[in-house]
Each structure stands twice: as structure tokens, then as C-alpha cells.
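4 protein chains.
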Amino acid sequence: MVPRYSRPQMTAIWSPAERYRIWFEIEALAAEAMAAIGAIPAEAARVIREKGAPRAAAIGEAEVARIDEIERVTRHDVIAFLTFMAEGIGPEARFMHQGMTSSDVLDTCLAVQLTRAADLLLEDLDALLAALKARAMEHRRTPTIGRSHGIHAEPTTFGLKIAGHYAEFARGRERLRAARAEVATCAISGPVGTFASVDPRVEAFVAERLGLAVEPVSTQVIPRDRHAAFFCALAVIASGIERLATEVRHLQRSEVREAEEFFHPGQKGSSAMPHKRNPVLSENLTGLARLVRGYAVPALENVALWHERDISHSSVERVIAPDATIALDFALVRLTGMMEKLTVYPERMAANLESLGGVVHSQKVLLALTQAGMSREDAYAAVQRAAMATWQALGTPGGRSFAENLEADPAVSAVLSPAAIAAAMDPARDFAHVDTIFRRVFGEG
Amino acid sequence: MVPRYSRPQMTAIWSPAERYRIWFEIEALAAEAMAAIGAIPAEAARVIREKGAPRAAAIGEAEVARIDEIERVTRHDVIAFLTFMAEGIGPEARFMHQGMTSSDVLDTCLAVQLTRAADLLLEDLDALLAALKARAMEHRRTPTIGRSHGIHAEPTTFGLKIAGHYAEFARGRERLRAARAEVATCAISGPVGTFASVDPRVEAFVAERLGLAVEPVSTQVIPRDRHAAFFCALAVIASGIERLATEVRHLQRSEVREAEEFFHPGQKGSSAMPHKRNPVLSENLTGLARLVRGYAVPALENVALWHERDISHSSVERVIAPDATIALDFALVRLTGMMEKLTVYPERMAANLESLGGVVHSQKVLLALTQAGMSREDAYAAVQRAAMATWQALGTPGGRSFAENLEADPAVSAVLSPAAIAAAMDPARDFAHVDTIFRRVFGEG
Amino acid sequence: MVPRYSRPQMTAIWSPAERYRIWFEIEALAAEAMAAIGAIPAEAARVIREKGAPRAAAIGEAEVARIDEIERVTRHDVIAFLTFMAEGIGPEARFMHQGMTSSDVLDTCLAVQLTRAADLLLEDLDALLAALKARAMEHRRTPTIGRSHGIHAEPTTFGLKIAGHYAEFARGRERLRAARAEVATCAISGPVGTFASVDPRVEAFVAERLGLAVEPVSTQVIPRDRHAAFFCALAVIASGIERLATEVRHLQRSEVREAEEFFHPGQKGSSAMPHKRNPVLSENLTGLARLVRGYAVPALENVALWHERDISHSSVERVIAPDATIALDFALVRLTGMMEKLTVYPERMAANLESLGGVVHSQKVLLALTQAGMSREDAYAAVQRAAMATWQALGTPGGRSFAENLEADPAVSAVLSPAAIAAAMDPARDFAHVDTIFRRVFGEG
Amino acid sequence: MVPRYSRPQMTAIWSPAERYRIWFEIEALAAEAMAAIGAIPAEAARVIREKGAPRAAAIGEAEVARIDEIERVTRHDVIAFLTFMAEGIGPEARFMHQGMTSSDVLDTCLAVQLTRAADLLLEDLDALLAALKARAMEHRRTPTIGRSHGIHAEPTTFGLKIAGHYAEFARGRERLRAARAEVATCAISGPVGTFASVDPRVEAFVAERLGLAVEPVSTQVIPRDRHAAFFCALAVIASGIERLATEVRHLQRSEVREAEEFFHPGQKGSSAMPHKRNPVLSENLTGLARLVRGYAVPALENVALWHERDISHSSVERVIAPDATIALDFALVRLTGMMEKLTVYPERMAANLESLGGVVHSQKVLLALTQAGMSREDAYAAVQRAAMATWQALGTPGGRSFAENLEADPAVSAVLSPAAIAAAMDPARDFAHVDTIFRRVFGEG
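Residue numbers (full-length UniProt numbering), protein chains in the order written: chain A, 1 to 445; chain B, 1 to 445; chain C, 1 to 445; chain D, 1 to 445.
Hints in this document: simulated from the structure, not taken from any laboratory. Heads up, the beta-carbon is just placed ideally off N, CA and C, and yes, glycines get one too. Treat each hint with caution, since some may be false.
[Unchecked claim] Facing chain A, a subset of chain C residues (Cβ under 8 Å, in silico):
#, residue
1, 150
2, 152
3, 153
4, 275
5, 279
6, 283
7, 413
8, 417
9, 429
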């Protein structure tokens, strides 16, 4: 991922040096497990840990370059790493990796990296959920127009809008938690997963120490449906980011102006037009969501490896595992900051709510008419008539409000008095169940 | 979905008539709930159910056409349906749909359809798992070569291969179960989800009767991250189908011939070449997997609806909801039949296993050498030397086996006797842990 | 594709009966070519044509069912068809399909169908281009605000907006023309494309009669990169549809109201809210665009068939070839009608253009200041200052316009007189090059 | 893109420093154009070029960091760059970027980068085509079995296989050339593309100097359908890479062994199994193809920007423009090297060709029988009978060959003598048209 969309916390998980350190930890744990069951000398495991640990800890750019150099001869990354480690460990190094295959190290390492990445993303989601909850509570009763199809529908509150996004990210969190569990498995089972030359107890030991489950049946590799499900979970969360970002983009439109991304002192919206304040963060998030979604496609294609495995998934994962997690981490943190600092304009919300002359109360009048005995079809026609007349006259001098148009309609006035019309349009009814919904979402008493 | 890839059980769920019947059930239940809380007259609910039920039950092609005709005027499908029902129910029909919005009906109906579809898919998966378990048990100890990169690696058993696929589909089943729960929610909350004109108790009542949960916070629509997650779950299962189909395609290759799709009496493999018996079922499944994966892409794009909703998701779902579930249902059933009837050739498996002169035991010899004190690097070089020599002479008269080449290598013979080499290559070691793995997968004692 | 999104013109191309008729035409032409070079008796070709043509022409539902029935035994669709035809043709039928393989028929038939579908889509695009050109000309000088990031930027004209979409669809037309040429090839080259049992002159003859090119090198199948490119071309066009649909959705927003989809007499926007007039057509088009884009994904996966071919592409194409072309045809026709009938509100455009107090002219003032000697940085700061003050006071009583704020700023007034400020903000400058752009797009004099 | 899959030639195009250098070139050319038409003082353009050129040329890591620092305040990348340049150019810097908007620079720069990337990819394709042509010529008449469905079909030549891939990459080259032309446009048209403050002659001048066409109608941005088409073209080429890579993976299978990736001295195939030689390059290419395909998905979603533009495409392109071109460049170069060095085993091809007892000649016998007067159905049945018997007895002692089984079948022997059977199976017929196909593909005399 380009530095622009990367945070060091997530990038660190995917650095070559960190990867090698995890590899060593797996090899050292495996050696200790083998020593414990007498498969290799206890002394060998001790030396591997003692001499290997500082060597692994010290891996920096120079050491990565050295391992790359060895790989150019062996054309095999794990062998290159083992050779590099053996240089520091000495003859006992021959007891490393006994009966194991490269994928035992690679796939278990990927499990460690993905679970760490998932943990960071879960933290990100927690912070986002907290920010959304705070804004939802703050605007629990801030009236705003609800819109379907971009057209004013009925009143809602800004807090309810946010509550909906909160609930969506809470679901995303749950999905990510499940996806984390899916990829949190360890396989140390040898070339085709038969444990032909490595005891299953080694796998159990390493898994336990790394906080992973054992992979019930591996075939050299950990099966890739697990990873596909993981990247799909990220893609769904990313799509939720896009939904909230799209909402903010709409609210910041010049004609709407109900909310606005924080505009920093010194910030410039456009190189050409000094008047501009653009929702660039939410647009950026929209693009990042597309990227994260896009990574799910090759992840799904990675599932159908040949026989016990081929290595076609590897190049895909070397790219998308860091890219998808880094981009999503960045996007979640950016979204959290954006929502925390979002400037909200309740007075604009109120103004927009009133701007269509009251037609947004059409359903309540429709119901009052049917309750008063009109057929649904007739009532619909009368209300539509009054609403369209109101709409057409919007902004023209002397244009009648929705209530006025209703009162002037004989079919309506025959069954509803002006007072009854006004009562039907009482906005209080719109917010009668806000607390119910908040309780459902935030579980409060 | 084209009839070729459709089963009537699944197609029925998605028929227009069935959809209208579910719509009626939702409206009738809602009316009953409203009557129960005094929102509409109890008599109205009774008439709606009594006159509506037979009318809904009788919806066939002609009635669908009639509703379509009304829709051509109203340009609104739910209104067209309500008008059609009102024709049969009479004046009480005005109490139907009170305070509700179309999406209350549409989205709850989709939830009913998707959960039914999921139930059928879960049955399909159960049948597939049963078939795979039976074949895995049957071939638990049938030796076959494990292959990584398409190259012979080490021996495994055919049952172990199948067990791996079983475990993958068991995970897929678990994901589908979770995805079913995600989409099994009911929303009857009015135009922007505020319950402005419909009591939340109506939603609770309808949800309970339909076996759904209430949607905690809806915005006219049920949020589409739920559906995205659902279609992603299908896509991962489809990818697992492709993995098993790919295995069968490989095993049936002319050069491999270890297994073969059942070839029916009268079947013709090619219009040109009468000798052909092609793995057409598994190739077909590969294509169907691509289709189902492809449907996840627009499902993900459906999440970011505008404000409280736009209707862009609708055309997508009208197509992919039936298409993805019908194609996956068909694929699962086809795969089950294919695996039940798969012809397995253990003798070909044995022949292939032996065909490389024993080099497939190279790791065990490598380990024996390091255990005997050789450095990993020297041991690797010696074993690679012997293996490459064996490989090169394959099929040539007088070509030496891997064991013979090892014995002839002074570096090897210095530390391992011929008997020790033979012991290292003992195939029994390869299968020592088969039962462990089976226990993990199938949970047997 | 569901009937809702299907037009009979396109559906007809993909009917089973039409497919069989094309198959027959290919077989009959091939027989005539073989007769011409003496590979089969001339009499045979004559009988095949004479007896086969009416039989093929008469294929209806019953005949399709009969062929399906044969296929249930042979499990091979082309053989089933040949058997069905042989029943009517008699012994000369044995000279049909001589030296050919099924794919010769299937792939050439697909080429015929895809080119016909492309021709229909090209017609659709022509109609759309005509509609867009008419609206662009009509509104060539209708001022409207240009928006970047959803924020008012600078004035443009509604005609210019439409011209941009016209240019995009003109490019789409060009891409489709190229994509049509890609798939317009004929292969009659036998089981692995070697012409082992069929003379290349047969292929040349059939190709010429069907208006196709010969496939230079086939491998039983016509290579699928051609089809992938075709479906990608459709996906790009679909994305262009989404762009225009999104524009209309924005323009119809309650707060914008600059344009509106035609609202039919009798139409109902919502089952709940009689006041609603929603941009449902453009939302529908947005969803259809997602579908057509989604079909490109499996089309790309279809390219990498195994060896000389496998049949995994077939199930994909049986679905996406009709679905993608039918959905795109429907969408193009719907879009054309929608744009022809789009209600445009120039007065609302004018009102919105003025609604921000003149800040939309900020760039021109910025330039006037730098031309008057101010540094870019100072000018930017001064203009931003005035614009933000204007913005903040929007709608408040006594709020100053952008021009007033500029005049009140000593830094500005030091270099620009009120008259100079007014001159800088002259909207005439915004439209000075409209004709240039129209000439570029529509090529007029 | 990760360094592992990056070549410096391509990476250089996308470096931040190079991007800034191109930005400067665009600004300097625009200033020169403005000077030429009297829009800014000629002296200003001279100073901008003179002082700016060395400053831009010297941009290295430190300068990039400095620009980033300015951006942290302005939150606008182009303004940050202009500020940085102004520091070196002095007061004349205020004449830079006059009447332009950031996208004029950004999008024109992207056009320069994409066309350079395309040029490199075209070179890569030329090298690949040359390599494929050489191998095709070399193996023009090397017999090998053609396989459909992974099953032996009929003989072909290894050269013909390669010729098919050559033709596919030649088509890919043509598509890329067209895609390059699509993105090779320059837009300098101001904030909403109206040329309100910049003369169209400036655009024409800059375009001409940069080797680009003018964008006929832009809307602040160059329309993104152009870029979507570009990334789709890359995706189709990538899919072609996967097809060839898949072929090599199949040919290298242990049971097939007809070709093999070059195995370097010192190379190690597996950390566990010293005998392994795996087709890791072609598997790697398979994964890279998935990546490049995946990037087309967000590119297509980028098309539908809002109104005159939003910036959601930007984050996508910052990632996929380098990633897709770098990965494809790497993949093409890797594929070329792999194909040049591919070890081909004609003797294994011959052995596999013969391995099924001659059934691969079944079509030619079928034709001989129908030519001799048998009905197609009877002939098919007889040949299938003989083929299946041959197949079943494969490898068993005393198993009869296909010819022997045919001779033993009374239905066959009644119409074909043993000599006629042998004649029908003459392999020379399979290669009779190889030269025709080569002429079609390579255009030789």
C-alpha cells in the first residue's frame, strides 16, 4: 500500500523483518516441541532458541538484503532464511525445520499476521463505534429530513441516521471477529499434511503458544477458503464505510449543507477556486472502499488450488494481505476522526425539513383520511393532488402550503377539519419511537 | 437462471406467484397485529385474511399478468399488488398496509425467500457432506500420491483428500448458517424506519410469526451489508466447489486416470471423437462457481445506498438473489451426485505413486541423514543429487531407482546402510497419523 | 435475465430455438462447402439443406423438448441436435458434421449471436446518442452550476454536461464496434484446431456466408480472450450509464430539483407517501450497471482454459451472454427514453447558480488579483477570506454577498475597484468557449 | 506493488519525484503557451522555466518530504507543490497555474504516466511475441497430443500450441495499443472544463508538446471510462498470461513431464523434499494474473463520478495505476524469460501421444466408416466400443490396441480392411494444415 494510506501500526505487521522474526519464533517453538517429545536433542532446541533469538531480533534492512541474496541462488525463500539462521546458530541448526515443510512456517506466519491485523482492525472498529455512539447520542433528537431516492420522505433524527451506521459497523465487527477465528489456525503437518515426519504434538504445542487453533486437516497449506472469507469480511466492512462516507458527501452538498467535514485552518479546497470546501475525506474513503472490495475478487480465486496445493495464492497474498488490511485500517481511523470532528448544522436540517411546504407529512394525512373512512385509493389521490400542487408552487409567491391545499380540497375537507389536518401533521408523532430504536441499538435501559 | 441449471425446489421460492403470496402473508399478519393493538378494526383484519387468503393462494400466471397490467399504470409494484388484492377483499382493504411502506413488505419478503433458499442450501450441504464422509471412510487408507505444484510430493490417502474437502464444506455450512441469520430479519417500520405511523409491536408480531428477528434499526430498508455478507458466503462455498471439481478434473486427466466421473450408458463424450470420456460435470461446476462468485461483486456495491435508501439495489437483487441461490443449489446437488458415483481407481493411484522410482520418499531420507549427523545442507545436496539422477533416468532401460542411487552415493552410504535407507522409505510412516486427522475432522472415537 | 429487464428483440437472439436454427445453418453451409470441394456428395448437401431447412425453421417448444430428451441419454447437446435433425433428413444426415467437432458449431453460433446482439446494442447506442445530442443542443446555453465534490464550483451549461455524456457513449460505441469485430470469427477446424479431418476451405466458406472472419488459430474453441474483451466493453458502457443515471439522481434531489424524470399520469411514487416523485428509472439503471459490470468478472476467468480447451466457460456463457446483452440493451433503451423525456428546470438551475452569493466566481477574482500584481498566496488568502465570510452568512439577514465582502476587504480594494471586481465576476466569460467544445464533440461547423 | 514483483523501469514512472517533474513540465508548458498568446508576460514564462527546471530536476527524497510537509497544512497536493516551486521561482511563480485547476495537472500527468507505462508494456509484449514465435517455429512439427477436458483428443504440434498463445498476445498488444490511445489525452480546461479562465490554445499547445490529444470535453477531470477501458485491457492480457502459465503447469505435472521450467543450478524446489522441481514461475504468474484482473473492478467503479467530478477515483488510481502496470510488466518479462528457457521434452510428448493405444485417432476411423457407408450413429457406436475396450485394457498384459479392437469388430471389418483402418489412422493427416495455420498467424510466405 502506498505510504499515503498506511499507518505504521499496521505496516509493521507486514514488514519483511517482522515476517522473519515470526518465522523464527515458529521454528524455535517447533524445535522445543520436538525436543519435548524426544524427536531432537533438548540441547539442540536450547541452542536454536539461544543463538537464534538475538539473531532474529536483530534482523534489519541489511539482514533482509542478505537473505534476499541467498534466495537468488536457492530460489526458495524459506531455505534462504534457514541458511541465514544456520550461519548464526551453528551445527544445531540442522535440527530446525525437521520434518516440516515451508508452508508450515509460511501459513502459520500468515495466520499470526492476519490475526494481529484483525486485532488492530477490531480496535479501529471499537474507536469508530465509540465515536458514532457519541454523535448518535448528541443528535438523538435533532430533527432532519429522511430521504428515500434522494427525495424528502419523512422526518427522522440525525441521531437515528448515525445509529443505523453504528449498528452496521457493530455487525461488521462481529463478522471480523468470526473471520479472525477462521484464519487463526496453525499447520505443522509436513509436505502433504500427513504428519509423516513430524508429530502432531508439535503442531499442537506451537499452536497453543501462538494463540492459534490447530488446522484439523491441512494439505501442505492451510485451506484458502478461510482467507477468502476473511477478505470478504473486510470487503463488507469497506462497503459500510462507503455508505457512511456517501451520506456525508450528500449532507455536505452545496444545496444541502447539513453537515461538513472539519475544515482545517490553512486548508485549501481547490488550487483554482478559493471558495471551495470539499468533502475530500469521505470521497477518499469511497475510493478506499472500492480498493478493499476489489481485493476480495482474487482472494476468492485463490481457493481452488491444485491437489494438495499450488503456489498461485502466494503472489496474490503477498500483495493483498498487507494492502487490504493497511487500507482498511487507514480508512477506519480516518472515518473515526472525520465523524468525531464532523460539523453538524441543525438549523440547516430544520430549514430543509420545512422547505417542501409540509408535503413530507403526506403519509400521516393519508392515514387520517383512511381512518376517517375514505378508501385507500381515493385518499391517495387526494393527498397526491395536494402534494403535487404544493410542490409545483414551491418558492413562487403566494404558493400554498400542503396544509392549505388539503384544506382547499373538498374531498379532504369533507372528512377532516383543519384542526384534524394539523393534528395529522404533528411532527411529534415522527419521533415517538426514537428511544425504542436507540434501546435496540445501544442496549440502554 | 437458465432452466438447465435450475431445480424446481429452489426456483419455486423465487416465482412471482410465491412472492405475491408471501407479500399477502406479511400484509395479513400486519393487519392482525394492528387489530390486536387496536390500530385497525378487528373485523378488518379478519376480512383481509378471510377474503385475501384464497385470492393470494390462487395467484397463477393470469393473476400475475393482471398485477403487471396494473403496475404499468401505477409504475409501482406493491401498489399494483395492493390494488389487485383490494379488488377481492373489498372496502376493508383500506386497512391493509396502514402506516407501512413498500419496503416493509419487499424486504421482509426477501428475508423469507433468502432464509428458505438458505435452508435448501443447508440441506444440499448436508447431503454433500454425507457423500463426502462416505467416500472418505471408504478410501481412508487408499494410498495415493500427494501433489504440490502438480508434482509428486509424498504419499497420502484418497480418504484424506476427501476429508479435507469435507472440512471445507463443513466450514462453508457454518458460514451459510451465520449468513442465514444475518438476512433473517423483518422490518415493518414505515417510510424512514421511525415507526411514525406503525407501532413497533406490529413488526415484532410479524417477525415472530415468520420466524425472523426484528431489524434493530432500519431506514425504510433492511441494511444491505446483511445481503452482501450473504452473497459473499455463497461465493466462498462456490469456490470450495471449484476446488473439489478441479481435483476431479486433474484425477481424470488421461495421464493420471485415478478417478473418473461416472460415464452413463449411452453417453457420448464428443461429437467428433468417440473415444472421449470427459470430466464435463466438474468442468461445468467450475463455471458455475465463477458465476456465483461474480454475483458477490454487485452485492457488495449494493451496500452504499443513498440516505435512508435508494432503489438501485432492487434490480441487482431481482437477478442475483434467484440466480446465485439457484446456481449454487444446482451445483451442490450435481457435485453430490458426482462424488457419490465417482469411479475411483486405486490400482492407478498405486501405479502413479510408484512411477517416480521412489523419489517421493526424499524427505524421510533427508531426515535420516540429518539424524545420522549430516548437516542439513549436505544432506539436502546428497538427496537432491540422487533424486535428480533417478528422475532423469525414469523410463530408460537400466535406470536406477532412488534407493539404488542413494546406496551408490558415498556421502550417503558413509552414514546410512541400505537397510537404513529402506527403513527411511517405509511407506507405513506416511499413514501413521491418518486416524488422528480423521478424528479431528469427523469427530469419531 | 428476468422478463422485467428484457426486450423481445434481444431475447429472441438467445432463444433455444434460434440457437438450433443457427446450428443448422452452420451445418448446412459446412455441408455445402464440403460438397463444393468434393469431400461429400453434392447430393448429400442438397438433401441436408432441403430437408433440414424446414425442419430447423419449424423448431418450437415441442422440438426443443424433444432435443432435450435425446440429450438426457447422450449427455451431449450437439449430438442430440444432430440426432434430431437426422430423424428428418434421413441417411444423408451422416454427411453432416463430417470431420467437425461440436465446438465448431457452438463457437461459431456464439459468434453469430454475439454479433447480432452487438448490432442491436449499436442501434441502441445510436438512438441514445441522438437523444443526448438533441438535449445538448437544446440546452447548449442553459446556465447551470458545475459541481466538483458536490460543491458548487463554476458555472457551466446543461448542454455541456450532456455533451460530456454524449462523448462518453460515442467512445463506448467505438469500443463496442471493436469488441464486435473481436468476437466475429468462425472456427471450423476440428477437434484440436488442426483441420485434421476438415478442409480449411470449409471454414472459409462458412465464415464468408455468415459475415465472420476465420479464426486464425483455434484449439477446438475460439480463444476466450475475445469474449472477455467483449464483456469488458459492455461493462465500461454500463459504467457510463451509471454516470449519467447518477447525474439525474443528483439533479432530481429535493434540494436541487434541476431536472426530473418524467412522471406519468397515474404513476405512484410510494405506497406510503403520496407526495413522492422518485428518480426510480435512474436508480434502476444504476443497479443494472452493477449487474453488467459483475458479468465481466467470470468472463475474465473464462480465458485460462486448460490445454486445447475445457468446457468450464460454457456454463458461464450460457448465463452471461444473454444476461449481459439483454440487461444492457434494456438499460440503453430505458436511458434513451428517460433522457428524451427528462423534465429540465432552467429556472431552478439559475436559482441554484445564484444561491451561494457569488462565491462561484472566486477563481476569476483570484486571477484578477494576481494579474493586478498580488502574489498567488496573498490573493488566494483574500479571496478565501471573502468567500468563507459570504458562505457563513448565507441566508442570514444582512448577510453580505461575495462582491460586497471583497469590496470591504482592504487588501482587495487596494488593487481592484468595485467595477473591476464586477468585471471579474462577469458570467459571460464562463460560456465563451461553449461553441468550441460543441464543435469538438459534435463536429459542427 | 511489493518490490518482489517490481522492475525499476516501471517503478520509476510512478515515483513521487517523477510525478512532480511531470507536473512541472505541464505547468511550464502551460505558462509558455499563455505567454505565447499574451495571457501572461513572456518574461514570467521564461523565469518559470529557467528557475523551475533545475528545481524540479533536483527533486529527491528530501524535496518530496518538504512538499509533503506543506501538504499537511494546505491539505492539497497541487497547492503544496506550487508553493514549493514558488519558493525557488520567486514572484513570477504567480503566473504559474493561471486559470488552471489541479486536475488539469493531475489528469494530464496521469495520461503521461499511463502512456509511458503502456509503451513499456508494449515493449514487453514485443519481446514475449518474439520469444513465442521462436519457440513456435522451433516446434512447428513436434508432435504432441492435443487435449480437450484434460483428456487426450487428437495429435497436434507443440508449435501450434505456442502459435495460439502468440496470436492471443498479438491481440492483447492491439488492445493495449487502443487502450493507450484512449488514455493519451490532455485536459487544461479549468474548474469545470469550460475554459472560463484559460484559453483552449493552452491545452492544445501542452497536448502537442506532450504527445497527447486534447480531451474533447472534460469536466474538471478527464472522463474515467477511458481509464476503465485501459485497466480492462490489462486484465485481458493478464488472463492470457494465466492461460499460458496454466499450460506450462499442466505440461510439467509429474505424470505428463512434456516441458519444464528451467531449473537453475543451486535452486531448491522444497525445503522438505529435495526431489522437487516445481513450476513455481508459472504458478506465480497465475497469481499475478488474478491481481491484475482484480484491479479492473475498482477501475470500473471509478467511472460514475458525481457531477463534474468527485475525487473518489483518486485513491483508487494512486494504488492501482502503479500496481497494475508494475505487476503486469513484471509478469510479462517473467513469462518471456520462462518461455525462452522452457525445457521441452519431445520424446515424452511422443510417448504420451502413444500411451492410449491409438484411440486418439477415433475420429478419423469414424469418418472412414461413414464414408464407407455406415450411418453416423452405427459408426459412432462401433468406434466408441473399440475405444472403450482399448482404454479399459490399457497397461494390462495382452491388452489390445485400438486398431486391433477395430479389426476384431465384425461391424467394422465388414466395411474397412485392416489396411484401410491403418490408413485412417495415419498421423500425417493430422499435420497437413500446420503450415496454413502458421501462415495465418505469422504471415509468412
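How the hints compare with the structure:
no., hint, result
1, 150, "4 Å, holds"
2, 152, "4 Å, holds"
3, 153, "6 Å, holds"
4, 275, "3 Å, holds"
5, 279, "6 Å, holds"
6, 283, "6 Å, holds"
7, 413, "17 Å, violated"
8, 417, "20 Å, violated"
9, 429, "14 Å, violated"
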